[in-house]
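Protein chains in written order, with my numbering: chain A, 1 to 396; chain B, 1 to 396; chain C, 1 to 396; chain D, 1 to 396.
Among these hints, one or two may not hold up.
Identical chains share a label here; the pair holds if one copy fits it or two copies do between them.
Calculated cross-link-like contacts (lysine to any residue; reagent style SDA-like; alpha-carbon spacing at most 20 Å) [stated by the list, open to error]:
| no. | residue 1 | residue 2 |
| --- | --- | --- |
| 1 | Lys-337 | Val-198 |
| 2 | Lys-278 | Arg-378 |
| 3 | Lys-380 | Gly-13 |
| 4 | Lys-337 | His-161 |
| 5 | Lys-370 | Leu-170 |
| 6 | Lys-278 | Asp-364 |
| 7 | Lys-380 | Glu-105 |
| 8 | Lys-278 | Gly-377 |
Keep in mind that the hints were calculated from the coordinates and are not lab data.
Number of protein chains: 4
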Amino acid sequence: MTEGHRVAMLGTGLIGDFYTMTLHGRRSRDRVEVVYSRSTERGDAFKKRWDVPHATTSVEEAVQHPDVDTVVVGLPNHLHEEAISVAAAAGKPVLCTKPLGRSAEEAKRILDVVESAGVFAGYLEDLVYTPKTITSLAAVGRGAIGDVMWVRSRETHPGPHSAWFWDAELAGGGCIVDLGCHCIEIIRSYVGKTNRPVEVMCWSDTLVHPIDAEDNAIALIRFESGAVGQFEVSWTFRGGMDLRDEVAGTEGTIWTNHFLRTGFEMFSSGGGGYVAEKAETESGWLFPVGDEVAELGYVDMFTDMFDAIDQGREPVKTFYDGYVVNAVMDACFRSAKNRQWEPVELDWRYGTTERIGRPARTEDGLTVIKEEHLPDGRRKLILKDPASGEFVDRIV
Amino acid sequence: MTEGHRVAMLGTGLIGDFYTMTLHGRRSRDRVEVVYSRSTERGDAFKKRWDVPHATTSVEEAVQHPDVDTVVVGLPNHLHEEAISVAAAAGKPVLCTKPLGRSAEEAKRILDVVESAGVFAGYLEDLVYTPKTITSLAAVGRGAIGDVMWVRSRETHPGPHSAWFWDAELAGGGCIVDLGCHCIEIIRSYVGKTNRPVEVMCWSDTLVHPIDAEDNAIALIRFESGAVGQFEVSWTFRGGMDLRDEVAGTEGTIWTNHFLRTGFEMFSSGGGGYVAEKAETESGWLFPVGDEVAELGYVDMFTDMFDAIDQGREPVKTFYDGYVVNAVMDACFRSAKNRQWEPVELDWRYGTTERIGRPARTEDGLTVIKEEHLPDGRRKLILKDPASGEFVDRIV
Amino acid sequence: MTEGHRVAMLGTGLIGDFYTMTLHGRRSRDRVEVVYSRSTERGDAFKKRWDVPHATTSVEEAVQHPDVDTVVVGLPNHLHEEAISVAAAAGKPVLCTKPLGRSAEEAKRILDVVESAGVFAGYLEDLVYTPKTITSLAAVGRGAIGDVMWVRSRETHPGPHSAWFWDAELAGGGCIVDLGCHCIEIIRSYVGKTNRPVEVMCWSDTLVHPIDAEDNAIALIRFESGAVGQFEVSWTFRGGMDLRDEVAGTEGTIWTNHFLRTGFEMFSSGGGGYVAEKAETESGWLFPVGDEVAELGYVDMFTDMFDAIDQGREPVKTFYDGYVVNAVMDACFRSAKNRQWEPVELDWRYGTTERIGRPARTEDGLTVIKEEHLPDGRRKLILKDPASGEFVDRIV
Amino acid sequence: MTEGHRVAMLGTGLIGDFYTMTLHGRRSRDRVEVVYSRSTERGDAFKKRWDVPHATTSVEEAVQHPDVDTVVVGLPNHLHEEAISVAAAAGKPVLCTKPLGRSAEEAKRILDVVESAGVFAGYLEDLVYTPKTITSLAAVGRGAIGDVMWVRSRETHPGPHSAWFWDAELAGGGCIVDLGCHCIEIIRSYVGKTNRPVEVMCWSDTLVHPIDAEDNAIALIRFESGAVGQFEVSWTFRGGMDLRDEVAGTEGTIWTNHFLRTGFEMFSSGGGGYVAEKAETESGWLFPVGDEVAELGYVDMFTDMFDAIDQGREPVKTFYDGYVVNAVMDACFRSAKNRQWEPVELDWRYGTTERIGRPARTEDGLTVIKEEHLPDGRRKLILKDPASGEFVDRIV
């Protein structure tokens, strides 16, 4: 067993809290050693809240602190590039929250910086590490549902908690950038990360909030295998935070619900306080979560990241994955504007993927379209005559 | 209370069985008087199965039978137009299963025929009559979820039971025509039937079955109000028949599951026989339905149709609705081919609909983006300065 | 098809409304012809509400009305006996709401009255007719779950809506009499109505309401086959009306949820009005029901009753069943008082039932306790040596 | 942050595997240093499987190993007392799996041994540490559901995997001892551990398996506050492992499902392998679990135990709790035999608890039984006249 890690936490917002709660949780060996905030007040409050030895308003000081061996970037999107550059210059492993950049161009520069510096760089996409997703992906890997044809990933809630998210300039967009990035990586995990996202069709609109950025979007992503990913993101959903994935394979189906319907239901006439992130009410029927940081994947994510550093291997999600996500989102924005399918433009590193296919079966020279078992034990075949193109029912 | 109706049932397939089971069910006053089939054998079997007085292989004979006052068309799609013409010529009320036609052009001709003849014409779209949909629509009408912004309607299963469905020529298409027609009417019911479907973006593919028609499709339908409908249809889904709708409104959310998860769960080591339509297994965990014809809307649909005839009013779904559905599907096929948004081309009878909107709120001259209640009772506001465009957090 | 029925409805409370909504619903042939109420005001309101031709404050007048062919008793418990006597004297079929009497003694007198008069007598136990229960019972009958070993039937809500329910004298008890009667018949339906309820163990208490009657009770009912029924009833449950049944068989399991979790979920910020019977809130997460009278079994119950009258057969539930239920409830009250198992004292009409059993399997002379399939394909047996009584694991 | 713990793991069965998977999981500081098994073969396999430095067939050697600072007992029930004595003699902290003993008498001796020795002694009751239970208990503590009146805890599956469980002598009983012990501690956690279990009513039977021990049992436990706990345990359940708790409070309700319905559903035509502990099938609809050791509470349990050792405090569950559980189970066995309520005989260390109660409200001198809000905004009161005992409805 190796020693634990000493982390510089850059950022003190909601995500910094969740990350630190995770890092300090259970029997972990790892600790936040320094916290950086642009504001002395927020930095000191965080230091006290999480019992962190040092607070600073200098990124450099945080990163270069001699006790720090790993940098975690939990800053607003427009501050990622600079912070990562500082970490890369210091030669320290850096883990960055989602999205990596505000555009593929920015993400590519970030990727180049860490690759040039040769530092370990992990992309903190927590939702591909939820316990259900890990277990599902393993089942898909064992062939439990055949070839993946379709993945729906949905993340919707009533909107983020901090002002900068709503500023399209600072954030790089609206709910596509905030939530779509999660969905894209979940989808890629199911269809296979070496399966190239070829093109994108996206609709977006601003239906409720008085902002310039989109507050609703839906996109289809077509992969080289023929598989289609579908994401639905919204800042106008009512009822809490809806995090669901659905996967259709040639041999099976997977449905996961990560947050709002997990077998935990409570009715309260009021008085119980906090329910779960983005819950809208504290009375009536409520749907709490058992262990919030575990259900959202933070625990398994940091385990993978630190184990990868210790073992000298790549983590499950790297900065290259973050860059691919940005490239897909760029195509989404273009498609929403141009109102047509747009190619995903990126520097693709993984070869090619074959088309989903199933060998045709024949019976007496006819192509079998479908086979059903009748209640009386007989088989019913729907057959196609390849010569005439006619379809017939046959009971055998 | 009026007398019951005497029906000529045209067609003896699965849908004819479901319709007759419904018509003869419970304490109904209505009965099938004549059954028509192209095959003497199937007609006689049906006659015996449902205790129907007469069977014939002549549409004219069935329709013109003196005891018949209502014609129900449950034939393959390519036979709708002719059968309806016969009924219209006979001056009798006619009810037609979905889809009305194989194209908007065909549907328009059908519509013209019944309107010229002045006969009652009901469109048998059962899924807008499911008990949950009826109750949901009433709640939407009472304002329970505010303005409807998005509707997802999903209908997927492993593929239909008769050969003609698989023949793109006879059916008019694949799963879009078979299943998408349901979804489109469900979506229109939620966003408002007078809310014009403006344009459509559709993806389709043939991923599994060796057929020419599509076995998977996803479409977005943009309505005049800004609302978006989304349908997902498939003939390759594994696990039974997945019939779910989701509705997002500015003030609320609705989720309905009509078939596969209705609070009825059974584990069986085997031996119990029939589970539900399109169930794939008879052992392990099974999800039966309580009352299949009621859950699928058939019972309330025929109640509405016959009551409408008796009361001299329009039914909830008319042939005009069937024509609109065909027009939307035509746009889906064009969009899937042209790979861009395609306008829905139709003769629109209902005026215009206003854009979804919510009046902006201000506080101290700043636009309120979001308001949250903090655990300590204070309010947190996210505000936008209309002059500078800057966003700020403020605790009040 | 026979003519419909003309009903005298005795009682204008919630149950009279539900019954009449059902009788007048859909395409029914049957109608309420006369309504009886002790109060002119309530009778007239009911007459108007349901478009009933006649209202009266005389039971005799209602029952003896020449247009009436069937009497439905929907009165408070203490008025059943008298009303049924009047109907029996008039020689008309009588249907009585649950419970039949306030004690087995009263129920037996009621049973004797209708049997002496030779009139048709149906026991209106709606919950054995819910669509899910009907389908479940059919599956059990086909052997889908083997021998039934255990049934849990739970009915709980925050308490009834009328004063007389809370008066132990008029009602015959508290929630045992109000709700337990439903559960007992559900349990009997699953274990087999010819399976004698032998003895009962019951706990009851008054935990919340300032009343003499019990507001919570749990009972175990042991049947001759060895099967055990378990009911849980409460007038203090928070969150709506919880109607669930669970059945454990030697070969399978059934779970039904009739009301609160049926695949229909709504979130509302408020403003939608009525949700469902005994719902506690009108905002937040709500769980409406699709078709309330169908889900609660009223529709199928009256279908069975009228069909039985028309066909000259017994209905699924007769007054004898009502009497058995009262006998079980009497034993519950005795057991709750005496704090021990109490025999169910009744005049039993159905023979005897064999003990649940499964023939023992042996392997090499050892009794097989359990067989498991290991991941590597081998079988693991847990065996018992009948001579020594020792248990061993064996991999084969 | 303190150093991690070095554990002697006594026992190599399923529970030893689960414990070690947990201890070695994630970023833990703790490790199994020595494993003890009665069989050299099983010990060596375990050593290899979990990368444990040492294996031995001597309890003394394992416990006294100089690198070991904590002893974990994962042995069959009849071996607990001896192993704990060895650990106590060695003066080392000891953690023991459930149940503590085979009877209250044995448990009391075990308790005396560790208390005399003054060693830390933690009772490894994992199911009170499941993420949902921890979150629920916190909500109950904050008053979210008022006073707890009733707790149902259910644990059923098709039977255990090792021979000794089935031997009533070695195990101390059947499913009551195997599963009931979990339920009793869950129930105590909800009603309050200082709330004395006063008496017990239990039914048990051997319905399916050819064994002497009970394979089904249901018990009611009455606590001093008036609250009632209800457990249902079975070795004959079909469909996997059913772990559910339900809690009814005066102000709310909690339902938790820990294993079989957690928002994770998979349909597979076969080929995916392992699903979850005690899953019965590998095809059809399957219900896997996200993170099995977390969902079952092992992770949070060991966190509490080691933190308690490090902080010099008591863990959430001590050997005294284990002893109370055995005392309740003893009363269950007596009650099942004597067929009446039996007192729980134990040396009670926590004072007394007040009866659940709610102050009566009056309106105009009448006792308010229930208040409802009518759709038109008026209030309906059900009132009782304390003088006459009469109940009346009043609309205000």
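Enumerated hints in conflict with the structure, sorted upward: Failing hints, ascending: 4, 6, 7.
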